[in-house]
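A.B. asks: Dock chain B against the given chain A, drawing on the hints supplied.
Protein chains in written order, with our numbering: chain A, 2 to 142; chain B, 10 to 312.
It is worth saying that the hints were derived from the structure and are not from the lab. Note that the coordinates shown come from a computational prediction; the quantities given were computed from them, not determined experimentally. Note that CB positions come from ideal geometry on N, CA and C, so glycine has one too. Some clues are possibly wrong.
Derived, one-sided and incomplete: chain A residues facing chain B with beta-carbon distance under 8 Å [what the hints assert, rightly or not]:
id, residue
1, Y24
2, Y28
3, E132
Some chain A residues close to chain B (C-beta under 7 Å, calculated; not the full set) [said to hold, decoys possible]:
id, residue
4, Q58
5, S60
6, G97
7, T104
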Amino acid sequence: MGLFLPLIYVTEYLFFEPYFLFYVAEYEILNFLSIIVICALTGLVLSMSIYRIKFLQASTKKLRSGLLGSIIGAGAGACCGGIGVALISIFGAVGGVATSVLTNFEIPLRIISIAILVFTYFMIVKDLNIECKVKFDKFRD
Amino acid sequence: MNYFVIILGIMMVFSASDVFAQEVPSWIKNNAGWWSEGSIGDSDFLNGIEFLINEKIIHVEVNLLENKKSDEIPSWIKNNAGWWSEGSIGDSDFLNGIEYLVSSGIISINTNNEISSEKLIIGGFDLSNTGPFEGEHNALYTIIMFSDHQCEKCVNWLSHEKKIVTENLIDSGIAKFIVVDYPMLGEDSVSAAEATYCAQEQGNYFEYLSVLNKKYAGVQNGWASLDALVGYAKGLGLNSDDFEKCLFWNQQALRVDYNKKVALSHGVVGTPTFFIVGPDGQSEKIVGTQPPMIFEMVVKEMS
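So here's chain A without its partners, still in its complex pose (with noise of 0.2 Å):
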């Protein structure tokens, strides 16, 4: 809920002015639908991450490659509204380019994300499976 409530005001389908609104398009759907993937899987990927870090001492390397996907499926499609034109009046011509490419390529970039997400979900998944193992032997004995 932290990254779906900004994503999708920023993304105008949450509206405060002039009337409390949460509108979807018929034509947004399928943003709408990857913003949910994104969002969920973040979730997922961000607390089993966290869990490895603080009680099982695991590195931080697959906690980044979730925070990367993350970040570009939230990035992707940062067009128009308040981003882009903070994009631009910030970085400037950069700034320019970075908005033209998150709109040019906004599906794919969220597939792109998604497609991080998931695979970093399966990896600490794995890995969990490993670490959190019971040694049932150790019982018996």
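C.D. replies: What follows is chain B alone, placed relative to chain A:
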């Protein structure tokens, strides 16, 4: 060997400057020489230069909006003219002086389509230089849309939501609708905005706007390049010579710039941003691609 490479480099630089030395017709040099010597007066020389600029025989880049009016010709410009006529300095140095004269208003150039001096202000919004209104002119409400032609959300709104707004508010005579440019996504946005006004000159503003919405393909990826914009005009059967002249000479640049300043003065930071202006001049801001229902609710609340 190293010396040879350096000499070759210097020769290439000088030969390149010779290629660009034809920016100004050489016969003007005689006039510049006479002017610097005092054989001809200031007004004769300046009138001649003014004519050459307006006839596009010489081209100068000037930002007219940053003019600082002055009546006095600085002595360095006259000196430059003399040196240029003698061949001591290049064309670009001479043109710098001319650009200064235009910027300071001593030479007035004909932009062929200056911004409108007739003010049209609705609810504090200066709409003097926008495109035409859609709907009845005496409609009580005005929907102002600040838009960028390269903004995907603007195009989506115009292609989908706008139809219902048109049916319920514009066609019924309740509101009139107007698009105001706020080009912020690169050079192609500016060119596209200028192109709509070039089309307006030929009476095809709405048709051209509709073509731009249909042809939309992203940001700065060629669909709104100058050549593409000319192609769309040809597709609509517009006079391509007039259209090209209008677009390539930036004849509508001042209008676009003016509208951008209007947007900034009302705190527009992204597109699309709408304002609904009521009969008493009160306005309500709507940011983003909101559904037609919201527009109807705002109008209802204002009445």
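A.B. asks: Check the structure against each numbered hint from earlier and tell me which ones fail, lowest number first.
C.D. replies: Hints 3, 4 and 5 contradicted; others consistent.
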